[in-house]
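Colleague: Residue numbers (this note's numbering), protein chains in the order written: chain H, 1 to 251; chain G, 252 to 482.
Keep in mind the hints are simulated off the structure, nothing from the lab.
Hints are supplied without guarantee of correctness; some may be wrong.
One-sided and incomplete, this derived list gives chain G residues near chain H with beta-carbon spacing under 8 Å [as the list claims (entries may be wrong)]:
{"no.": "1", "residue": "Ala302"}
{"no.": "2", "residue": "Tyr306"}
{"no.": "3", "residue": "His309"}
{"no.": "4", "residue": "Ala349"}
{"no.": "5", "residue": "Ile355"}
{"no.": "6", "residue": "Gln358"}
{"no.": "7", "residue": "Ala410"}
None of these values were measured; they are calculated from a predicted model.
By construction, the Cβ of each residue, glycine as well, lies at the ideal position given by its N, Cα and C atoms.
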Amino acid sequence: MKLTLRIWRQASPEAKGKMQKYVLDDVEPDMSFLEMLDVLNEKLVMDDKDPVSFDHDCREGICGSCAMVINGTAHGPQKNTTTCQLHMRHFSDGDTIDIEPWRARAFPVVKDLVTDRSALDEIIKSGGYISVNTGSAPEAHAIPVDKVSADDAFDAATCIGCGACVAACPNGSSMLFTAAKVTHLGLLPQGQPERATRAMNMLAKQDELDFGGCTNVGACHEVCPKGIPLASIAQLNHDVLGATLTGARSD
Amino acid sequence: MVITPQRNIVSRTWGTSVGKKSVMAVTGGIFLLYVIAHMIGNLKIFFGIQAFDAYSQHLREIGEAIFGYEGVLWIIRLVLTVSVVLHMWAAFSLWARAKKARPIGYQHRQSWQGSYAARTMRWGGVIIALFVIWHILDLTTGTVNPLGGDDSAYMKLVASFDRWYVALFYVLAVVALGFHIRHGLWSAIQTFGQNSALKQNALKTFSFVVAAVITIGFAIVPLSVMFGLVG
Numbered sequence: 001m002k003l004t005l006r007i008w009r010q011a012s013p014e015a016k017g018k019m020q021k022y023v024l025d026d027v028e029p030d031m032s033f034l035e036m037l038d039v040l041n042e043k044l045v046m047d048d049k050d051p052v053s054f055d056h057d058c059r060e061g062i063c064g065s066c067a068m069v070i071n072g073t074a075h076g077p078q079k080n081t082t083t084c085q086l087h088m089r090h091f092s093d094g095d096t097i098d099i100e101p102w103r104a105r106a107f108p109v110v111k112d113l114v115t116d117r118s119a120l121d122e123i124i125k126s127g128g129y130i131s132v133n134t135g136s137a138p139e140a141h142a143i144p145v146d147k148v149s150a151d152d153a154f155d156a157a158t159c160i161g162c163g164a165c166v167a168a169c170p171n172g173s174s175m176l177f178t179a180a181k182v183t184h185l186g187l188l189p190q191g192q193p194e195r196a197t198r199a200m201n202m203l204a205k206q207d208e209l210d211f212g213g214c215t216n217v218g219a220c221h222e223v224c225p226k227g228i229p230l231a232s233i234a235q236l237n238h239d240v241l242g243a244t245l246t247g248a249r250s251d
Numbered sequence: 252m253v254i255t256p257q258r259n260i261v262s263r264t265w266g267t268s269v270g271k272k273s274v275m276a277v278t279g280g281i282f283l284l285y286v287i288a289h290m291i292g293n294l295k296i297f298f299g300i301q302a303f304d305a306y307s308q309h310l311r312e313i314g315e316a317i318f319g320y321e322g323v324l325w326i327i328r329l330v331l332t333v334s335v336v337l338h339m340w341a342a343f344s345l346w347a348r349a350k351k352a353r354p355i356g357y358q359h360r361q362s363w364q365g366s367y368a369a370r371t372m373r374w375g376g377v378i379i380a381l382f383v384i385w386h387i388l389d390l391t392t393g394t395v396n397p398l399g400g401d402d403s404a405y406m407k408l409v410a411s412f413d414r415w416y417v418a419l420f421y422v423l424a425v426v427a428l429g430f431h432i433r434h435g436l437w438s439a440i441q442t443f444g445q446n447s448a449l450k451q452n453a454l455k456t457f458s459f460v461v462a463a464v465i466t467i468g469f470a471i472v473p474l475s476v477m478f479g480l481v482g
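Throw the hints in and build the complete structure from the sequences for me.
Modeller: Here it is, written out as structure tokens:
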């Protein structure tokens, strides 16, 4: 396959970036998208040029590192798939592919396609946990959990924190991410003591970090590699409004 | 022990993006109930001039014994005005937040994922607001109505919609209203936390049906005047 790539190149956070064109002549349909970029980078290094920086780690769709908007869609054209699990057979010979970083004020570009997504860590720190004493772990089956809650909590827990929801959201909102964490912990018995303040604090942090507000567009769910349901956001709204009405407080 | 002062419920609500959305959901719900009542009232046009004008007169006389002439009508107008101010205030605030959240956009035009109605909420809302201003000047005060303010409600309506461009503008506005309700109703239910993965399709269908009924219920009036069924 012969492909024309247009990739966002930006040397540093302050530098002005632009789309740069590259032509690759020998792309195998069985390559993953990242392997295709590896081939490009190999070529660039051989030519003594600066390789394209991009985040990647596990390359098996579970670490949430690979973050790129491919032809206007976060993680590219295949549904429920991270960029690393996307294969070149989904493109055709002669295609032009635009590759850009996640775009959000809360995700500043570090270099090329690499963005700083520690804003998501800040949201987790503000409430995405349960407080338990370490030491003697209780017997896991001692606390019964009904099947539906267990399944829904597990679905939400599959969120890998890649940030595609933010990248796709017309409002630049991290609502699906925050909602996934709130749903995951809020449906389980162990998450109950901090449930109200968790939802409130995580939303407050998200607002503070300059993420946009949710308008239930649903683009987040469309691009989410884990298919986190849009209804998780209802769970977050439910907990936040409950906490707002009752004036739940953590101190 | 340090006790941090608790903010009151108003600042707690207005202080978060979800709180602002809940204000939009409540005020939107008020509009929806009003619009349904308004639509049912409008359909009296098909029962003739007497039925329609009597309805218009009745609106002014509801609860007269307690609230006086036009008392209830002015209470409704006050509630709607407060609602529209809060609804737009919250909307513009969230709009500004969204603009701020993505200072640099994408080079490749984003494919339209998610709901079309959702993406037209803001400009659709602006169109509806402009329409409402025209609508009040036309059929309530009569300022821009060919017959002026004092004629019968039925005659004013027919005279107004006899201008094809007014009827067309009205139809476009109620289509915009339909889109707004289609997303707004579902979105309000989601904001109140009443959605689930199982119920989502049913709720979206419900919102679509409500929006379609309201759009048709309103559009049928100017169309009937345009095509001479009412005159």
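Colleague: It remains to establish, for every hint, whether it holds in the given structure.
Modeller: Hints versus structure:
A distance limit of 8 Å between C-beta atoms decides the matter here; for alanine 302 of chain G the minimum to chain H is near 40 Å, and the interface restraint is violated. For tyrosine 306 of chain G, the shortest C-beta to C-beta distance to chain H is roughly 36 Å, which exceeds 8 Å, and the interface hint is violated. The closest approach between the C-beta of histidine 309 of chain G and any C-beta of chain H is roughly 38 Å, which is over the 8 Å cut-off, so the hint fails. Contact between alanine 349 of chain G and chain H, as hinted, is supported at the beta carbon level, the nearest pair being about 4 Å apart and thus within 8 Å.
With a cut of 8 Å, the hint placing isoleucine 355 of chain G at the interface with chain H holds, because the nearest CB-to-CB distance is about 6 Å. At its closest, the beta carbon of glutamine 358 of chain G sits 5 Å from a beta carbon of chain H; the interface hint therefore holds under the 8 Å criterion. With 8 Å as the threshold, the beta carbon of alanine 410 of chain G stays out of range of chain H, its nearest partner Cβ sitting at about 39 Å, so the hint is violated.
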